[in-house]
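> Sequence:
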Amino acid sequence: MGVNLNAIGGFVLLSFLLFAVVLSDSNDGLLRIGLKKVKFDKNNRIAARLDSQEALRASIRKYNLLGNLGESEDTDIVALKNYFDAQYYGEIGVGTPPQKFTVIFDTGSSNLWVPSSKCYLSVACYFHSKYNSGKSSSYKKNVLSRMFRSVGNMEMLHVNYLGKSAEIQYGSGSISGFFSIDAVEVGNLVVKDQEFIEATKEPSITFLVGKFDGILGLGFKEIAVGGAVPVWDNMIKQGLIKEPVFSFWLNRNADDEEGGEIVFGGMDPNHYKGKHTYVPVTQKGYWQFDMGDVILGDKSTGYCAGGCAAIADSGTSLLAGPTAIITMINHAIGASGVVSQQCKAVVSQYGEVIMDLLLSEVQPKKICSQIGLCTFDGTRGISMGIQSVVDKGNDKSSGVLGDAMCSACEMAVFWMRSQLQQNQTQDHVLDYANQLCERVPNPTGQSAVDCGSVLSMPIIAFTIGGKEFELAPEEYILKVGQGSAAQCISGFTALDIPPPRGPLWILGDVFMGRYHTVFDSGKLRVGFAEAA
Numbered sequence: 001m002g003v004n005l006n007a008i009g010g011f012v013l014l015s016f017l018l019f020a021v022v023l024s025d026s027n028d029g030l031l032r033i034g035l036k037k038v039k040f041d042k043n044n045r046i047a048a049r050l051d052s053q054e055a056l057r058a059s060i061r062k063y064n065l066l067g068n069l070g071e072s073e074d075t076d077i078v079a080l081k082n083y084f085d086a087q088y089y090g091e092i093g094v095g096t097p098p099q100k101f102t103v104i105f106d107t108g109s110s111n112l113w114v115p116s117s118k119c120y121l122s123v124a125c126y127f128h129s130k131y132n133s134g135k136s137s138s139y140k141k142n143v144l145s146r147m148f149r150s151v152g153n154m155e156m157l158h159v160n161y162l163g164k165s166a167e168i169q170y171g172s173g174s175i176s177g178f179f180s181i182d183a184v185e186v187g188n189l190v191v192k193d194q195e196f197i198e199a200t201k202e203p204s205i206t207f208l209v210g211k212f213d214g215i216l217g218l219g220f221k222e223i224a225v226g227g228a229v230p231v232w233d234n235m236i237k238q239g240l241i242k243e244p245v246f247s248f249w250l251n252r253n254a255d256d257e258e259g260g261e262i263v264f265g266g267m268d269p270n271h272y273k274g275k276h277t278y279v280p281v282t283q284k285g286y287w288q289f290d291m292g293d294v295i296l297g298d299k300s301t302g303y304c305a306g307g308c309a310a311i312a313d314s315g316t317s318l319l320a321g322p323t324a325i326i327t328m329i330n331h332a333i334g335a336s337g338v339v340s341q342q343c344k345a346v347v348s349q350y351g352e353v354i355m356d357l358l359l360s361e362v363q364p365k366k367i368c369s370q371i372g373l374c375t376f377d378g379t380r381g382i383s384m385g386i387q388s389v390v391d392k393g394n395d396k397s398s399g400v401l402g403d404a405m406c407s408a409c410e411m412a413v414f415w416m417r418s419q420l421q422q423n424q425t426q427d428h429v430l431d432y433a434n435q436l437c438e439r440v441p442n443p444t445g446q447s448a449v450d451c452g453s454v455l456s457m458p459i460i461a462f463t464i465g466g467k468e469f470e471l472a473p474e475e476y477i478l479k480v481g482q483g484s485a486a487q488c489i490s491g492f493t494a495l496d497i498p499p500p501r502g503p504l505w506i507l508g509d510v511f512m513g514r515y516h517t518v519f520d521s522g523k524l525r526v527g528f529a530e531a532a
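Our numbering puts the first residue of the sequence shown at 1, with every later residue one more than the last.
Some hints here could point you the wrong way.
In the DSS-like style, the derived pairs of lysine-lysine whose C-alpha atoms are separated by at most 25 angstroms in a straight line are [what the hints assert, rightly or not]:
#1 K201 x K237
#2 K141 x K242
#3 K275 x K242
#4 K366 x K467
#5 K237 x K141
#6 K284 x K221
#7 K275 x K237
#8 K221 x K140
#9 K284 x K467
#10 K479 x K221
#11 K164 x K118
#12 K523 x K273
#13 K135 x K164
#14 K237 x K467
#15 K242 x K130
#16 K140 x K273
#17 K242 x K284
Rather than coming from a laboratory, the hints here were simulated on the basis of the structure.
Here the structure is a predicted model, which means the values were calculated and not measured.
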């Protein structure tokens with residue numbers, strides 16, 4: 001989940017948390033908090049669909065901005081709960097004595113927030129635990145400012161009754177409230193004087209049906225709302241962990257009791273195989289790094305051959321990428337989509353011209369400007385605000401479709417180029433592009449597939465640090481329900497972020513479930529190894 005600049009925050013499902021917390025000492029000297037699962041109920045599919053739509057909107061808003069320590073006593077482990085391969089969350093405590101909350105541990109945002117006892121008008125607050133500052137002996141008010149005002153010969157001091165105000169934007173809503181300061185308990189660690197948000201307004205459907213109370217952000221302080229120091233930074237600053245490293249193991253087996261673990265201060269060697277491949281963080285804020293080519297089956301797509309940015313985001317359920325390549329993936333796996341009339345119009349009217357220009361070795365990024373559907377700003381095509389009438393028979397005008405026509409053209413160029421590089425005939429290239437125009441990802445972010453075809457779907461790989469990280473179809477397809485009532489959903493969704501920040505991939509839980517992920521603040525790097 002994410003914050004104003006900010007999460008594809010994930011599939012959040014209905015009903016309350018019904019789990020028991022079990023504390024046990026382990027042989028490695030680490031405190032483990034075991035969580036029992038709530039079994040998936042077919043009645044929760046409605047909530048799954050709602051959250052799928054919320055997730056897409058959230059990510060667009062979110063990203064449109066900007067050692068083995070397994071035996072160390074300084075390593076702390078918090079077990080995570082897996083709800084239908086869609087959301088992972090664990091328990092923390094806020095205050096003294098600790099008031100318990102379930103939170104998403106989100107590497108795609110940086111603030112901690114929980115519902116406040118002062119939340120009166122949002123229905124969501126009545127379905128979740130609420131923080132009461134009056135019941136905590138370690139609570140401190142966070143005052144935005146002290147303002148002096150002259151009244152006659154007297155200086156009057158005005159102090160905000162609550163803490164400084166805060167608002168975090170999500171896809172179709174936001175949470176708002178005020179900052180407070182209190183102790184935060186994570187596992188057996190207690191972070192003192194942690195600034196966090198007491199949410200007094202939670203209008204979004206996600207927070208109403210969510211299995212979590214709040215969010216604990218593990219991103220960099222550069223994206224923290226209100227300049228708050230993240231919990232993770234305070235763990236390091238207060239000397240609570242030995243090494244500035246935390247790691248995620250997400251258990252993708254929804255039948256297991258254990259949902260996963262986040263380890264603060266290191267990593268558990270029982271949760272991965274072999275060595276990690278590390279890549280440097282290229283832009284602090286999110287855990288962002290450079291990614292190379294995407295391989296579909298045994299063929300290069302070429303989309304990121306020149307490099308793409310990627311973000312490892314535990315608060316995003318799916319795997320998001322540019323529409324052009326997600327459409328190719330949809331076609332390859334037989335995922336449902338929507339018909340783009342703009343796309344079909346571009347292929348019909350300009351398809352042969354595009355192929356001629358490609359064969360003439362015109363730079364692909366300049367082709368759409370040459371045929372008049374985009375203008376070229378030196379790096380990419382941008383909309384010209386072209387008017388187009390798609391449905392002349394019904395005398396309906398689509399209005400100004402510059403963005404849609406320009407985007408459709410750029411997708412068509414990419415698709416045709418990939419087929420020409422495979423020495424396909426021109427008829428095949430045009431037919432392929434037309435087929436893809438009917439597989440454009442659904443705006444809701446959800447694409448259904450045939451459950452009976454999963455095993456025949458291609459392997460999809462992502463090149464990171466010069467190594468290909470593969471996902472098998474059973475790993476990127478989410479299955480809802482059992483038997484004849486089962487439904488299968490693609491784990492890929494479209495997200496278009498323009499340069500210079502994009503093209504951007506969000507590697508969410510679909511990817512992190514297959515690959516154990518290490519977040520190294522000390523060396524500013526992210527590491528991936530096959531999960532055990």
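> Failing hints, ascending?
1, 2, 4, 7, 10, 14, 15 and 16
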